[in-house]
Amino acid sequence: MTRQGVKAPKRRSLDTVSVPAPFRPLFLSAQDYVARYFARKVANPKRGTISISGERYILVRAASMSVEFFDLVMSLYRDKGKREARAVANNLLFDLAHAIGKADAKTFHRRMKVKDPIEKLSAGPIHFSFAGWAYVHIHAESRPSADDEFFLIYDHPYSFESDAWRRRGRRSEVPVCIMNAGYSSGWCEESFGVPLVAVEVECLASRGDRCRFVMAPPSRVEEHVARYLGRRRRPRSAKKAGEAAAVSIPEFFQRKRMEDELRQSHVRLEKRVEERTSELQAANDLLVREIAERRRAEEVRDEFLSVAAHELKTPLTSLRGFAQLLLRQAERDETPDPERLRQGLAAIDQQSGKLGILVDQLLDISRLEAGRLVIEPRVTDVVGLVEAVVVAAGATTERHAITLRGARAALALVDPLRLEQVVTNLVDNAVKYSPRGGSVDVEVTKQGGEIVIAVRDRGLGVPPKHRSLIFDRFYQAHTEHRLGGMGLGLYISRQIIDLHGGRLWARFPRGGGTQMVASVPVRRSRKEKK
Amino acid sequence: MTQGKRVLVVDDDESIRDFVEMALTDDGYEVATAADGARALEVLKDFDAAVILLDMRMAGMDGWSFARAYKELPDRAPILVLTAARDAALSAADIEADAFLAKPFELRDLLGLVKRLVK
Chain A
1 MTRQGVKAPK RRSLDTVSVP APFRPLFLSA QDYVARYFAR KVANPKRGTI SISGERYILV
61 RAASMSVEFF DLVMSLYRDK GKREARAVAN NLLFDLAHAI GKADAKTFHR RMKVKDPIEK
121 LSAGPIHFSF AGWAYVHIHA ESRPSADDEF FLIYDHPYSF ESDAWRRRGR RSEVPVCIMN
181 AGYSSGWCEE SFGVPLVAVE VECLASRGDR CRFVMAPPSR VEEHVARYLG RRRRPRSAKK
241 AGEAAAVSIP EFFQRKRMED ELRQSHVRLE KRVEERTSEL QAANDLLVRE IAERRRAEEV
301 RDEFLSVAAH ELKTPLTSLR GFAQLLLRQA ERDETPDPER LRQGLAAIDQ QSGKLGILVD
361 QLLDISRLEA GRLVIEPRVT DVVGLVEAVV VAAGATTERH AITLRGARAA LALVDPLRLE
421 QVVTNLVDNA VKYSPRGGSV DVEVTKQGGE IVIAVRDRGL GVPPKHRSLI FDRFYQAHTE
481 HRLGGMGLGL YISRQIIDLH GGRLWARFPR GGGTQMVASV PVRRSRKEKK
Chain B
531 MTQGKRVLVV DDDESIRDFV EMALTDDGYE VATAADGARA LEVLKDFDAA VILLDMRMAG
591 MDGWSFARAY KELPDRAPIL VLTAARDAAL SAADIEADAF LAKPFELRDL LGLVKRLVK
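Which chain is which? The protein sequence lines are A and B, in order. Sequential numbering from 1 applies to the first sequence in our numbering. Sequential numbering from 531 applies to the second sequence in our numbering.
Please note that a few of the clues may not be correct.
[Claimed, not checked] In silico DSS-like links for lysine-lysine, alpha-carbon gap of 30 Å or less: (1) LYS432(A) x LYS645(B); (2) LYS41(A) x LYS106(A); (3) LYS115(A) x LYS102(A); (4) LYS46(A) x LYS82(A); (5) LYS354(A) x LYS313(A); (6) LYS41(A) x LYS645(B).
[To be verified] Chain A is nowhere near these chain B residues, computed Cβ spacing over 10 Å in every case: (7) VAL550; (8) VAL573; (9) ARG587; (10) ALA619; (11) LYS633; (12) LYS649.
[Said to hold, decoys possible] Pair by pair, the computed Cβ-Cβ distance ranges are: (13) ALA346(A) x GLU636(B): 33 to 41 Å; (14) GLU602(B) x LEU417(A): 35 to 43 Å; (15) ARG606(B) x ARG507(A): 28 to 36 Å; (16) ARG467(A) x TRP594(B): 26 to 34 Å.
Keep in mind the hints are simulated off the structure, nothing from the lab. Owing to the predicted nature of the structure, the values given are computational and were not obtained by experimental measurement. Beta carbons: idealized from backbone N, C-alpha and C, even for Gly.
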């Protein structure tokens with residue numbers, strides 16, 4: 001067992017690395033640290049161990065990792081050609097050294113408890129020289145920074161790799177300091193936290209005057225190498241021109257770059273697939289909604305036809321029934337009872353009137369759908385019109401007290417037949433939807449340029465969830481009561497009021513029941529303006 | 531023999547109730563009427579109907595509800611469904627009625643069916 005320099009002499013000058021002046025103090029303290037570290041070196045051949053400050057090291061003959069390794073790979077890959085063989089050797093050595101550089105850096109950062117990137121870098125070249133790889137000379141143009149701008153230019157005098165070639169008297173067509181490049185870029189990558197690659201731009205083993213390296217992020221290194229070679233080539237003779245081609249970006253990083261690009265294009269592809277998928281989903285949703293809407297519309301239409309048929313058949317049943325009843329008596333030559341005759345004819349009259357209204361509604365709907373419902377405005381006494389409706393409605397019911405209040409007279413330019421249709425619809429609804437009777441208040445007022453007709457009942461009202469639907473075509477608020485009708489009345493009424501340039505809406509007073517309010521402008525209808 | 535046989539007419543349309551009642555009365559039936567299912571059940575408490583003419587779509591208690599309630603009673607008369615619905619036969623089958631007529635119907639057919647059912 002041998003112990004060497006347990007107490008390392010403190011070096012006063014920085015002599016294990018050469019760096020630009022501003023960095024010297026930092027590197028000097030790193031040198032102290034590394035010197036102390038290597039001073040605690042214990043070799044125990046009886047156990048087969050070498051330990052430095054508690055870390056195990058191994059010694060490897062430099063030639064076996066450089067020139068001899070190349071020769072070995074060359075002979076193994078002889079059949080694949082020189083280029084391929086060299087690529088295999090280079091990649092192996094670069095990957096290995098890069099990994100070692102990263103791992104060593106990590107260990108030293110932990111041991112030295114350093115956080116700053118330059119501090120983290122500082123022990124690297126010194127450890128490098130203590131471990132016998134090479135001496136390091138960092139040029140003043142270097143700009144080490146933890147971003148895309150990272151640039152380091154440095155020499156490795158006494159590089160173990162070029163040295164091994166030269167000791168054999170061998171010359172290479174390409175730079176040979178692959179592990180040097182891998183290790184230094186690995187250490188720096190770990191120190192700065194950005195991916196870095198080093199390229200040997202000049203090599204003593206291949207006609208260079210020195211072993212010089214350029215280190216930069218993979219995306220930038222080619223540009224730095226090109227700039228360096230371009231700058232050098234100009235003053236030099238043409239025979240050195242081939243050098244540019246001989247310097248190669250380590251395939252390790254080319255591969256890494258390709259992987260990055262692949263990953264990025266993968267991400268782009270996934271994003272596009274995602275976008276397309278969501279577009280398709282949206283289109284599909286739209287289609288599903290449209291189909292559902294169409295189906296709903298078909299269902300509504302179907303239901304309407306069935307309701308309409310029912311509504312038409314009911315008065316028709318009475319019509320035919322009374323007609324056949326009277327006919328039967330006539331055929332038997334019986335003298336008809338005058339009261340029965342009167343009742344029968346009255347029923348026929350009433351039921352045919354009902355049928356007429358239903359048919360009119362159907363025609364109105366078809367006109368509205370075709371946009372052909374027109375109004376013919378005339379100066380009309382709206383109060384007189386409403387009064388006539390109230391009187392007529394009052395005659396049909398004994399359970400309801402229908403009263404008219406408000407203005408004594410109100411002239412407006414309206415279609416009297418259509419407005420009468422609307423008011424009749426509103427008053428009939430008020431009666432129909434208050435089956436237990438009660439008061440129906442009708443009021444006509446002048447408000448600004450409008451005449452407002454309000455019809456209030458104290459009947460069933462409309463459940464809140466149905467309120468937004470009562471003006472819809474075919475809608476019936478009280479299907480459970482089956483109060484009859486085709487569900488067209490309010491829809492048609494609103495369309496007629498719209499055509500007058502007015503509004504029709506519903507209020508649901510606290511006291512219950514419904515108040516329908518129609519307003520029409522006094523002077524001009526919307527239709528007339530057009 | 532139809533004399534004195536009782537018929538209950540259930541329909542929410544007054545005009546239909548009227549002429550059916552007149553026609554049946556002319557033929558010697560004793561007739562009661564009701565505007566919906568609930569009133570029909572009331573009437574049946576002291577009106578021993580030999581046949582019930584039943585409308586399906588009615589304001590208030592409809593034909594389906596009436597049929598359900600009527601099934602619970604001990605003595606049941608045959609039911610003749612009178613409906614303006616598109617599927618009169620289906621409505622009749624729904625409530626297991628004994629016969630049906632689609633509105634509008636021939637008076638002759640109505641009277642013939644009632645005559646057959648009261649036997």
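Hey, LYS46(A) versus LYS82(A), does the alpha-carbon distance stay inside 30 Å?
This hinted pair is violated, its Cα atoms lying about 43 Å apart.
Review point. In terms of Cβ atoms, is chain A entirely out of 10 Å range of ARG587(B)?
Key: Label violated. Min Cβ-Cβ 5 Å, cutoff 10 Å.
| task | Could you grab the alpha-carbon distance between LYS41(A) and LYS106(A) and see if it respects the 30 Å cut-off? | result | 20 Å, holds
Confirm or reject the statement that ALA619(B) sits farther than 10 Å, beta carbon to beta carbon, from all of chain A. The assertion about ALA619(B) holds, with a minimum of 15 Å to chain A.
**Q.** Assertion that LYS649(B) lies farther than 10 Å from chain A (Cβ)
**A.** Holds, because the least Cβ-Cβ distance between LYS649(B) and chain A comes to about 22 Å, which exceeds 10 Å.
Report task. Given the hint of 26 to 34 Å, check if ARG467(A) and TRP594(B) actually sit that far apart at their C-beta atoms. Result -> Holds, since ARG467(A) and TRP594(B) (Cβ atoms, about 28 Å apart) stay within the stated range.
Practice item. Take a quick look at whether LYS354(A) and LYS313(A) sit within 30 Å of each other, Cα to Cα. Key: Distance ~11 Å between LYS354(A) and LYS313(A) Cα, so the pair holds.
| Would VAL573(B) pass as off the interface with chain A, using Cβ distances and a cut of 10 Å? | 19 Å, holds
Item to check | Restraint status (C-alpha distance of LYS115(A) to LYS102(A) at most 30 Å) | outcome: 15 Å, holds
(message) Taking 28 to 36 Å as the stated bounds, is the beta-carbon spacing between ARG606(B) and ARG507(A) within them?
(response) 48 Å, violated
(message) Check the hint pairing LYS41(A) with LYS645(B) against an upper bound of 30 Å on the C-alpha distance.
(response) Outside the cut-off at roughly 126 Å; violated.
So is LYS633(B) really clear of chain A, every C-beta pair being over 10 Å apart?
4 Å, violated
In terms of the numbered hints stated before, the structure departs from hints 1, 4, 6, 7, 9, 11, 13, 14, 15, listed from lowest to highest.
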